[in-house]
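Guided by the hints, dock chain Z with the ligands onto chain U, whose structure is given.
Chains as they are written, first to last, in this note's numbering: chain U, 1 to 274; chain Z, 1 to 312.
No lab work stands behind these hints: they were computed from the structure.
Only a predicted model underlies this, so the values are computations on that prediction, with no experimental measurement involved.
Please note that the accuracy of each hint is not assured.
Calculated from the model, a selection of chain Z residues having no Cβ within reach of chain U, i.e. all distances over 10 Å [claimed, not checked]:
id : residue
1  : Leu200
2  : Tyr215
3  : Leu226
4  : Leu276
In the DSSO-like style, the derived pairs of lysine-lysine whose C-alpha atoms are separated by at most 30 Å in a straight line are [unchecked claim]:
id : chain 1 : residue 1 : chain 2 : residue 2
5  : Z       : Lys303    : U       : Lys261
6  : Z       : Lys303    : U       : Lys188
7  : U       : Lys261    : U       : Lys43
8  : U       : Lys188    : U       : Lys51
9  : U       : Lys115    : U       : Lys163
10 : Z       : Lys303    : U       : Lys161
11 : U       : Lys261    : U       : Lys51
12 : U       : Lys261    : U       : Lys31
13 : U       : Lys261    : U       : Lys115
We put the beta carbon where it would ideally sit given N, CA and C, even for glycine.
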Amino acid sequence: MSTPSEPVMPPRITPPAEEPRVEGAALAVEKLNAWFGSNHVVKDISISFPKHHVTALIGPSGCGKSTFIRCLNRMHEVVPGARVSGSVLLEGDNIYAEGVDPVRIRRRIGMVFQKPNPFPTMSIYDNVAAGLRLNGTNRVSVLDAAVEEGLHLAALWDEVKDKLRAPGTSLSGGQQQRLCIARALAVKPEILLMDEPCSALDPIATGKIEELIYQLRERYTVGIVTHNMQQAARVSSFTGFLLMGELVEFGATGKIFTNPKDSRTEAYITGRFG
Amino acid sequence: MRSSRSRSGNWGDRLFGGASLGFALLILVLVAVLVGELAWNSRLALRAFGPAFLWSQNWDPVQELFGALPFIYGTLATSVVALLISIPLGLGTAIFLVELAPPRVSETISFLVELLAAIPSVIYGLVGLFVVVPWVRTAFCPSVSAALGWIPIFQASPYGVGIFTAGIILAVMIVPFITTVSREVLLMVPRSQREAALALGATHWEMVSTAILPYARSGIAGSIFLALARALGETMAVTMVIGNRPEIRASLFEPGYTMAAVLANEFSEATSDLHLHALIEIGLVLFVITIIVNGLARLLLLKLGRTTEGRS
Ligand SMILES: Nc1ncnc2c1ncn2[C@@H]1O[C@H](COP(=O)(O)OP(=O)(O)O)[C@@H](O)[C@H]1O
Ligand SMILES: [Mg+2]
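One chain only, chain U, in its complex shape (with noise of 0.2 Å):
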């Protein structure tokens, strides 16, 4: 039950000055294409994503962010005529070399979607226990330990430990999303991709989520597409600018909502176009 004083955090509308401290790259993609048909989408993005670091995409809409994430963790294909080029370097190996399992690249890259969809049918429980058990997990003792690290990881813990059997719809919009945050984290991904994770909730909802981003960088690195300047600004570390399928700009994201090099990235974040 949340409790109506429950502090949210303050918009850090200035980020911090100063360059993030980076320890190698999480993720690092090179000269990433992708198609939908003969529709040419994401354009030769050359990108790395910083350990432990939130990264995040802005740009407007239709500019290609949702599609560009769903490479990342091999998304992209499962929309029928889709196709990738490029490599996505993950600790190193490329997630698209020849033999390499999709299905295992998205067990350790997890990804939050625009919609929060928690299973409909499932209890907040099984909800966030589905990935374990299709890992195989069924102890119940390892199922219960985990569900419950990955309510607290998503923020979600308090509201809902009184009623893990309930449906996981029953749930309100913003605990809908942190349950499926809480859902992706429950199998101990190395990184949490996000689609847009703010955009179907309101105000009180959003700022609990960014909070719980700006937080999860701790353990997990963090790739989040917005088309939210502020949420970009108030969460990331390094900012990409994307634009009609091409990364235009990318940076430390106080230098990038401060001092952008390109104008056109300049235009976007002062409200000129987009």
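Positioned in the frame of chain U, the structure of chain Z with the ligands alone reads:
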């Protein structure tokens, strides 16, 4: 302006509401009239046998002894056999069509399956008589009873016609309902549900079993009840292959009889008023069983639907 429009809107609403209520009531009245008419026309049997009609196993027009249990058993047993065969077959086909088959193949097979539903049941009866009955007699029954004959329901029988054969024919007849409806339901599972499972590291089959089938379960249950309703009432094809013997035997390979079949066979040549009334009472029982099955289906769907929908 505004008030006049809303008043005319109210008028339309009221008219529409009244008309819908009227039609709903009309259907209720129709059902009541049907039950009443069946009950009235079976009054002699109702009076003569009372509730024992339901559990008496005698059906002897010569001695004017009538009991419905062999027919009730035959109807339920053939329907259960049909469901046991057609659920895996129909659901498996639907999953194959939606998840695995290339679009072209899927279209073609869907068309063929729908065609199955359009074949007249007397044709099924003929195919059953000329193909399935000999096959059960010479191949299926001997091999099954050789292996599982120690289980009473699989005891050997020399006939070929019987409960099990009728169940097979019924299964083929109701598979299209299960496949067609389940396919529609599976197609309606949102992409977000598929992706939720895939993103957790589910294989294709795991995605089907953890995300798709549970999401679609109330629709699938609906398709099964539709098929069951069809199986309970099917007359012609069953009559041709069930053997038409009003007895209850342990083995599913023995001949039996169903409610619909005895009505069709004996109605036009009923020897006495009591015989006629007993037959009509069987019609009444069939009608009531169908209503009960449908009611249970509604309840189940309501329960499944409630947990499925929730808040989104
Ligand atoms: N499933 C799809 N099939 C075909 N084209 C698609 C599909 N999804 C997106 N697209 C196209 O790809 C482009 C990029 O879309 P998307 O990656 O969703 O952009 P964003 O997330 O930045 O709004 C758009 O032009 C869109 O029309
Ligand atoms: Mg998008």
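(request) Of all the hints given earlier, name the ones this structure violates by number, lowest first. (result) The structure conflicts with hints 1, 2, 5, 6, 13, although it agrees with all the remaining ones.
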